[in-house]
Structures are given as C-alpha cells and as structure tokens.
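Peer 1: Listed below are the residues making up each chain.
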Amino acid sequence: MKVAVIVFPGSNCDRDMYHVLSDVFKLESKLVWHTDLLPKDIDAIVLPGGFSYGDRLRAGVIAAHSPVISEVKKMAERGMPILGVCNGFQILVEAGLLPGALLKNTSLSFICKWTEIIVKNNKTPFTNKFKLNQRIPIAIANGEGRYYADDETLKQLKRNNQIVFTYAEEINGASMRIAGICNKEGNVVGMMPHPERSAEQIINPRNAKPASLIFESLQNTLGVTA
Amino acid sequence: MPSFRVNVIIENRPEIVDPEGDTVLNDLVLKDKKTPVKKVRSAKMLRFEIEAKNKESAEKAVLALCNEFRIYNPLVSKVSVETLNA
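Chains C and E supply the protein sequences, listed in that same order.
Numbering-wise (this note's numbering), the first sequence opens with residue 197 and increments by one.
Numbering-wise (this note's numbering), the second sequence opens with residue 5 and increments by one.
Just so you know, the hints here were simulated from the structure itself, not pulled from any lab data.
Be a bit skeptical, because a hint or two may be false.
Said to hold, decoys possible - Facing chain C, a subset of chain E residues (Cβ under 7 Å, in silico):
#1 PRO23
#2 ARG74
#3 ASN77
#4 LEU79
#5 VAL80
Keep in mind that this is a model prediction, so the values were computed, not measured.
Cβ coordinates follow ideal geometry from the N, Cα and C atoms, glycine included.
Construct the complete structure from the given sequences, taking the supplied hints into account.
Peer 2: Set out below in structure tokens:
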C-alpha cells in the first residue's frame with residue numbers, strides 16, 4: 197500500500213503532507229515528481245498545497261497540464277481515492293476532475309488563519325470516520341480560495357451530495373460557503389483548508405482530533421490499522 | 005509569412021464579482037466626485053506573436069490554443085481578441 201504525493205514546481209506543502217501520512221498515520225507514502233510516472237503499487241493519490249508554477253495565469257492551470265495528470269485522471273476513473281488540498285484542489289478543478297472554479301478571495305487578501313469547517317458528506321474515502329455536521333478546527337492559507345460554481349452546478353452538487361465541507365463562518369465569498377467538494381462518484385475530493393497542518397496537537401492550537409479523522413478515514417478506506 | 009500580434013483579454017463574466025475592479029472604482033476613481041466613470045472591470049491580457057497567412061487565421065489559431073490549454077475558464081471568464089500587424 198502506498199500513497200503518492202505529487203510534487204509540482206512550486207509545491208510547498210508536499211513534505212508536510214508526506215510527514216503526516218507517513219510518520220503520524222503510518223500510511224506508506226512516496227513523493228512523485230510531476231513529470232514521472234505514477235508508481236504501479238499505489239492505492240491513493242494526494243495533490244498537496246503550494247504555488248505550482250507561481251500561480252502564473254491562474255492558480256493550478258499550468259500544473260493541470262503536467263504529464264502526471266493524465267495518469268491521475270485514469271486513476272480517478274478507476275475509483276482510486278484522490279485528495280487535492282488547496283493548490284491541489286485548484287489543480288483538480290483546472291484538470292476538469294472537479295467542477296467549478298476557485299477565484300480570488302472577495303477581500304483580495306491572502307487569508308491565513310484558523311477556522312472551522314463542517315462535514316456535509318461523510319461517505320467519501322476521506323470523511324468516512326466523521327459524524328455528519330461534525331466540525332473541524334483547521335488552518336486555511338490561500339489567495340484564490342473562493343469556490344464558485346453557477347446555479348445549475350450548485351444544484352447538481354447538492355443533489356449528488358458532492359458538497360463535502362462548508363465553512364462555519366463567512367470567510368472568502370465562496371458559493372454556499374463551500375470549502376470542499378467531491379466528484380459524483382465520491383472518490384476525488386478537493387478542499388481548500390489544510391488538514392496536514394491541523395492533524396497534530398503540537399501544531400493545532402485548538403483540537404487536532406477532528407482533522408486527524410481525514411487521515412484516519414483514508415486508513416479506514418485502505419484497510420490500514422494504525 | 006506575415007506576423008501578427010493577437011491580444012487576448014480575459015475578464016470575469018458580468019455576473020461574477022470582480023473585487024479588483026470594484027476596489028479601483030470605489031477606493032480610487034470615485035474619490036473624485038466629479039468623475040463620469042460608472043464601472044471598472046479588471047482583466048488580464050496576454051499578447052501572442054504568431055506567424056499566419058492573415059489576421060483571421062492568426063486569431064483562429066490563438067483562440068484554438070486558448071481553448072486547448074484552458075487559458076481562460078469559460079465558467080467564470082470570457083475572452084475577447086484584437087489582432088494587429090506585428
């Protein structure tokens with residue numbers, strides 16, 4: 197069992213993600229450079245946060261054309277659990293694996309703070325250990341994090357139970373306060389907040405247990421016992 | 005073959021909030037109470053220099069690139085082009 201953590205030029209949360217997966221949750225992980233092939237023996241993929249290609253043109257759009265993304269798309273079709281965090285979420289959207297767009301925050305500011313999100317779908321590979329409507333104290337750090345979708349897409353997201361996380365407070369002008377969504381099948385999840393910065397008590401000034409359930413859910417999905 | 009400059013202007017669709025344009029309008033332009041300006045929208049411009057048979061084929065080729073590489077997200081943005089001799 198392995199989790200591939202994809203590294204793009206400008207990723208900066210890849211090592212944090214690798215540490216949390218490998219050292220804290222004992223999920224054997226491998227950093228994979230974006231021009232390399234995915235290892236054959238992987239069971240999950242994580243696209244970490246950062247500023248791939250310096251957010252040139254639009255956050256995530258250039259990385260979405262990286263060679264590894266065509267393989268990520270194939271794995272998504274096969275039902276493999278895939279998580280995109282922050283810039284990883286933006287890349288999944290730009291690659292067409294998740295609907296909508298991530299726009300500049302309404303304040304035009306880079307928002308870096310602790311907030312709370314609410315679990316709205318506890319059936320995904322990354323949320324199956326949560327109770328519905330459970331709150332997660334979690335870090336956010338983004339400038340282009342305002343999730344936007346048109347009314348028809350929002351209706352579909354709601355109808356198909358694709359809204360995974362919402363913000364507990366108004367934070368950046370996101371449609372329906374959306375903080376994370378999944379594809380129709382539920383195996384591809386994108387979220388703006390950073391669970392890898394929030395799942396250890398030593399770095400979470402609030403309660404790290406809820407954020408750790410994201411990784412425990414993945415352990416559960418992959419049949420790993422901690 | 006002749007060269008052309010194709011300016012691709014990417015801006016948010018009218019229904020999408022444009023906080024940058026709003027800030028320029030409200031916190032800069034409207035400070036002059038006499039201004040006739042009613043609206044400001046921000047945009048990004050990319051200038052492509054391209055060899056092509058004529059202006060039309062230059063424009064067509066650049067628009068095809070914009071669609072292929074998702075230079076703009078059609079859900080939230082629209083593009084307009086202007087083509088000039090290089």
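Peer 1: Give a verdict on every hint.
Peer 2: These are the hints, each one checked on the structure:
1. PRO23: holds, 5 Å
2. ARG74: E/ARG74 check passes; min Cβ-Cβ to chain C is 6 Å, inside 7 Å.
3. ASN77: It holds, given that the least Cβ distance between E/ASN77 and chain C is near 5 Å, below 7 Å.
4. LEU79: Hint holds; E/LEU79 Cβ to chain C Cβ min 5 Å, cut 7 Å.
5. VAL80: holds, 5 Å
The structure shown violates none of the earlier numbered hints.
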